[in-house]
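**Student:** In case you want the letters, here they are:
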Amino acid sequence: MSTVDDIFAQVPRRTASKLSRNGPGELGNIAKSRAADEEDRLFAQKSKALVEQKQREFKISHGLIVLFFLWIAYTQAVGIYLFTRGFLLTRLILESKSECGFSPLTASEYQGSLGEGCWHPKTFDKAVIVIIDALRYDFTVPQVDSDGVPSKEHYHNNFKTPYEIAVKNPQNAILLPFIADPPTTTLVRLKGLTTGTLPTFIDAGSNFAGTAIEEDNLIDQLNRTGRKIAFMGDDTWPALFPGYFSIEHPYESLNVWDLHTVDEGVLTHMFPLLHPDNSSSWDVMIGHFLGVDHAGHLYGPDHPAMAAKQKQMDVFVQDLINAVDDDTLVVIMGDHGMDPKGDHGGESQLELEAALWMYSKKGIFGRLPGFEMPPKDAEERSVNQIDLVPTLALLLGLPIPYNNLGGAIPEAFIGRESDQWGNLAHVARLISSQTERYQKSYAVARKEDLEIETRTTKIWRDAEEKFDAGSSRDTPEGWQTIYKSFISHQKENLKVCKDLWLRFDLLSMLLGIIVLVGSVILVLVYARAITGDLRDLTGWLAGRSIAGAAAGGLAGYLVHYASISELSQLNLALSGSSLGGILTFFVGTFTFWPRVRHIFPTSIFSVLALLYTILQGVMFAANSFTIWEDRILTFFLATFGALSFCVSLRQEDPAMRTLGASQSVIFMLLTRLSSLSRLCREEQMPYCESTYYASATSSVSSPLSLLLLYLVAIAFPPIVKSYYTGTKSYEGPAHVYIGFALRIGLMFNAIYWTLDSADNGEWVDIPTVALKRAKHTIAQVVLALAFIAGNILFAWVQPCLNITVEETAPSATGGGDSNTQPRTSPHQPAAAATSAQAPPTHSMTLLGYANLHGSRSFLLPLTWYIGLALLQKPLGGASMAALLWQILALLEIIDSNSLSDSPIGPVILAMLGSSHYFSTGHQATLSSIQWETVFIPTDTIRQPWSALLVAGNQFGPQILATVAVPTIALWKQPAKQAGLLGRVVRVCATYVAYHATIAACTVLWAAHLRRHLMLYRVFSPRFMVGAAVLLFVDALTVAVGVMSVRWNFLAVGEVFGLT
Amino acid sequence: MVEHHSAAQTVRYSHPVVLLGALYASFGSLVQNPPLMLLQLLPVTIAVQIAHVATCLGSSSSNNGKVSKEGGKKKPGRPAATKGKAELGANVLSALLSLVLAAVMGTPVMFTVMVLLGAPITTHLAHTALCAAHLSILAGMPLIYSYDVQGAKWRDIFSLKMPVDEEYGGALGACLGAWLGAVPIPLDWDREWQKWPVTIIAGMYAGYAVGRLGGLALAGRVARFN
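Protein sequences appear in the order of chains A and B.
Numbering (full-length UniProt numbering) for the first sequence: 1 to 1059.
Numbering (full-length UniProt numbering) for the second sequence: 1 to 226.
Selected chain A positions facing chain B (in silico; Cβ < 7 Å):
1) Ser624
2) Trp628
3) Arg631
4) Thr634
5) Phe635
6) Ala638
7) Cys646
8) Leu649
9) Arg650
10) Met668
11) Arg672
None of these hints come from the bench; they were simulated from the model.
All of these numbers come straight from a predicted model, not from anything done at the bench.
By construction, the Cβ of each residue, glycine as well, lies at the ideal position given by its N, Cα and C atoms.
Turn these sequences into a full structure, and let the hints steer you where they fit.
**Tutor:** This is the structure we're talking about:
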């Protein structure tokens, strides 16, 4: 070993002597030079063979480490998959369709026909159904403050016509709050509005790719009864109902930057069709406007663009009612509302409250006693969105869709004098009977015992008995009683269904939890319990575990054929393989049992690391702690800063003491400063004030934050540089990355967001098209610079090192003896290692040796930062700069307190990532996803790039932290230290262990609290964030973290040899 | 360094009780109007602390925080009552001096630390400032009295390298208690006492009392971090 080291130790000298020989004025003695050449040749041969052997060995052990981390990632992904499968709700989809001639009632009662209405006499021949996306109820009713002064918000008192008509001519129109079933995404809402049934949670994920509806629905019934449908607007419709429309004009729906194309398209195509000449070409017309929704997403509700959109819609309503004839029903509705920021997806009250307006020139609408005026808000009175399904079906003479759970909207059936209780009771009975029929088929499909009468069936039978009794059928009051009995059946049934479809697959959930918790323990044991160098052990463990996984998978597969379990083949194989792998890992640890110690911490910082991890894991059990996670993280991080300040003061060396203490102060300051940037979630109100956007009701950034971005562009590169100059590492590629790429990239970021603000705020008179092109070009350049050029270059560049050879006066010692070693002490704190060597008149200086690995390895997070910062809003970009600075401060704190082996480094790094998740305007809620990121570098949606852009925005801070993980183990570490690779592996594993613990805890709490009121608002979204972050972290740790180590070690090894 | 004659002993053991009692008695009004009550409570705390340091910690110039055993043994032998009276006067004077130092230097430091840990910046400034004042008087003043401005000692104090005694234990306890006091704030219990900085104050006082007991139990120990 020592001879090998000797040879490698000479490499730098050789490099230097080559350099100096090529230098000017050095070609003196030819004979001497020849001799040296001969010597060089022999040496080169010997060393080349050794270098190659070393490289081979390194690549093999590195490959095995990658394999091991891949296996961990696979196991955790399986755990999350199994849990998710059981946790996210499932509902059986019945194929049955309602038939026109087959009413749920007995044959002796009303038997209609296609002409007069299938199950009930129809009221209208034609209908115009218009969806104004995100039409919240308060947009439609006059809003006045307590003094009676009309509200000045941009989103109030613009859309007035519906309210005015409903008040002035009550028999012509009704206006009601229209409550959506969450999740409030358009795709899910359209399913609900056409099928009349409840969404399952998993539907939320498929918003980007609408798939055809298979269940019975209104559109299908219209088709089956031979009606012609004309459609124009949001292209989600043709995706849900391919081939159903006889006329269709779909428009791209997801481009939120475009407020007008869809709306103009609807207006252009709708009015010609309303002309009497064209009336035979359609029976039902569907229009879907997106302008209001997009204005909300882009600017938030309180913006002039929103007012303009609402006024345009108001004019549209006036035009529409002038154009329709007496036999046409007009329905105008929102599919969901919007939150105070103009986004939607979740289940806050504002997102759920849409508006429903029904209008007919004939005047058929009545009022329920006590509700003569349109309600002020949903608390006063509301109808469910699914209630529209049976109502529309019966008004148009269609059969009620088979799986409908909604009830009748009574105003539509009670008659213009509000006295037709008999009609209303008949309608309610029809709807209840169909629901009851559906429930029976559902029970059959689930193979349940039909003999046991359910509670709802009993209510239904009681109502039927009342109806059959006949005595009450003579008076309006009697009918009213019958109506109420059926309505209570429908309501009770809906409630039961909501509970029923919260039925979890406990076995699958349990398997997922076991796999996940097992993987957490295994990573913890691997990262913290095994002593010594992990490098040699990992390969061995990887082989065993993967073999175990294969065997387990096979076993699971076979269990399926033994038909012991009901789980599907795939799930059995997956759970078998992950459990098999985990088991073999633990069995494997017994073979090196003496190297395993307990994982309980012994030093203050490892106690802190464990404490932080446990506290965060536990706090997700309480909804209030989960809601306030952002503040809690700030509190924890600042506490770490304070403690590291105190501990740094313990250092005896004044330089180290000052470094540690000052970096701790910087760390604390930056933590607190970046916590000022936040986007409050609804539950934090009223104790929280959002700062991420210009105001609480907009999603535009404030111009001030642009200035911040310029400040970052100017001031940040020198700050990063200062962390390099301390060890004289600002050499070689550091110039390219920090001096060039960082400056240019950040300046381009600032320019991009300036143009974006100019575009949004219409500051300048440049046409939008030109601005857009400029924006997109800049964004593409930055992304290419950061993610393509930056990464490729990283694989090739030299370490941040400069070797200078100086001519000095001949020294007394030394001579031509080539066996003298250049003693470059790795522990030398200063940057330069000098060696006075043959020829004696030259001395060599290595600049940047003290941080050889760290300075190069940090270039990777640096280049990723440039790209990830672009994807954030201006304030988020500044927050990401703070994150990178905090990482640098953390590196210095770790180095000055010799904590590179402590778990605190990776844990704090991970917490930094989580903390900046919040300061970049995110929350653990669906509505805080910034979808508009897709359109930063381009105009169109192109998968998988669009999804990657959204992910880069959503998890940007965590991604940046993950990329920086290996640097923790490498920063200022001696280049030739033994076992360095093993330490990098340990740090990476600790980092994964932290995230796995958090994800496992969110999973455990979500499972435990699955009946909690706040499940969908708090626990379930947090579980999804935790699981998604873990998957990203796993993938990136392998793909970027561990891989970057390979380039780094090989590049350093090229110069100094590998250990 | 703790004097062992009876008056000192009484003050020494009763003063945490008095402090906690005062806090308990004023808790209702503290919840109703935190800044006002904190301001009214401040003189009480100051008086108790001055009485405590002047009687229990001996003359500040004579002991420089040497291990307490020696100081404790020396004191009972001191005879002259008149000398004791003069010394008490001098002690009160230096107690007042350390009070000024704690108020002027300690409060801004504590305020900054509280803000860095997440206290509101734009609102509740009086709340936070008074809270910081309480902490610096509770935790900082006895330490300033004992060690005035010796740099090396203060470095030991901040780097948690001091051998633990009652005063240092009390100071650490107050800080830790204030830290723990932040825990119930975010809970959705809708209690009036969850408002800023009631829980911090409660945690601080309780922590101070417990810390003193802990300091007594662990006297002479030095925190080891590895």
